[in-house]
Amino acid sequence: MNNCALISGAAGGLGKAMALECAKRGYDLYITDISEVKLESISRGIKRQYNVDVYYKECELTDSSSVRLLWENIEKKGLFFNMLINVAGLDYEGEFMQVDTERLNHIVKVNIESVITMTHNAIKYRIPGERMTIINVSSLAAYYPMPFKAVYSASKRFLLNLSLALNQELRDQNIFVTALCPAGMPSNEEVIRSINSQGIAGRITTVNVSAIAHSCIDKALLGKKIYIPGFANVFLHFLSTLFPSSIQVSYIHRRWSWSKKNEAYKA
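Once you know that position 240 of the sequence shown is 240 in my numbering, the rest is easy, because the numbers rise by one and skip nothing.
Keep in mind the hints are simulated off the structure, nothing from the lab.
All figures in this text were calculated on a predicted structure; none of them were measured in a lab.
No residue lacks a Cβ here, since even glycine has one placed at the ideal position from N, Cα and C.
Check each hint, because a few of them may be wrong.
[Claimed, not checked] When the alpha-carbon atoms are kept at most 20 Å apart in a straight line, the in silico DMTMM-like pairs for lysine to aspartate or glutamate are as follows:
| no. | residue 1 | residue 2 |
| --- | --- | --- |
| 1 | 124 | 169 |
| 2 | 76 | 91 |
| 3 | 76 | 40 |
[To be verified] The following label-pair restraints were derived from C-beta to C-beta distances:
| no. | residue 1 | residue 2 | range |
| --- | --- | --- | --- |
| 4 | 223 | 97 | 21 to 29 Å |
| 5 | 103 | 240 | 21 to 29 Å |
| 6 | 78 | 238 | 43 to 51 Å |
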């Protein structure tokens with residue numbers, strides 16, 4: 001049975017980069033996202049370039065009916081996986097009380113609940129007898145309480161802890177889990193604007209998504225528990241171990257307040 005990777009959030013940015021990287025390594029793919037048009041385009045391009053099998057289905061990961069149809073489609077095609085990459089995630093940046101409750105809960109549903117569901121189901125469909133690699137896209141934000149991104153950073157901390165716990169629990173079953181903890185990634189125009197608004201601090205912590213995908217899969221296949229891409233980001237994580245959370249959160253609040261003022265001024 002061929003290597004096969006299941007990737008969520010695969011229609012663009014890091015998810016697309018992960019799909020391309022897996023295809024380069026000879027993995028067949030099953031990719032999912034909310035846009036069927038984008039999935040079809042990516043699928044066609046990967047098949048043409050790398051001569052691997054690519055299956056896809058659009059899915060709203062917060063909708064139980066849509067998720068059920070996804071797994072019925074996988075069952076129908078008789079697919080099994082030895083890699084799962086949970087990329088799908090989102091954030092609605094802003095002051096906590098200025099973001100409506102529905103949006104805040106949506107962050108939790110996409111960043112946490114969908115990862116639990118995908119992981120639980122994918123393990124049931126692992127290739128029998130094969131090592132399985134799971135990559136959960138957390139964030140450098142997982143290490144810090146972050147004003148203006150409070151629910152997002154908390155959700156990414158959940159994914160970090162989940163990954164570490166599952167890696168320990170499942171390794172005897174030949175299942176290994178890696179938490180990917182990137183900082184800024186220039187994946188779309190909105191993200192790029194946010195990175196630029198943070199000045200030099202935003203730019204030095206940004207790493208290209210293709211480079212992240214390549215290195216992350218290398219690290220995951222070697223069984224690394226946590227991967228933080230970029231020297232500057234590794235250094236920032238080291239600094240986080242030196243200062244109490246009260247100091248961290250105060251500094252982050254000042255940085256993001258300055259960033260928002262700077263972005264508003266440029267606008």
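Hints versus structure:
no.	hint	in the structure
1	124 <-> 169	16 Å, holds
2	76 <-> 91	33 Å, violated
3	76 <-> 40	19 Å, holds
4	223 <-> 97: 21 to 29 Å	43 Å, violated
5	103 <-> 240: 21 to 29 Å	27 Å, holds
6	78 <-> 238: 43 to 51 Å	46 Å, holds
When the structure is compared with the earlier hints, violations turn up for hints 2, 4 and for no others.
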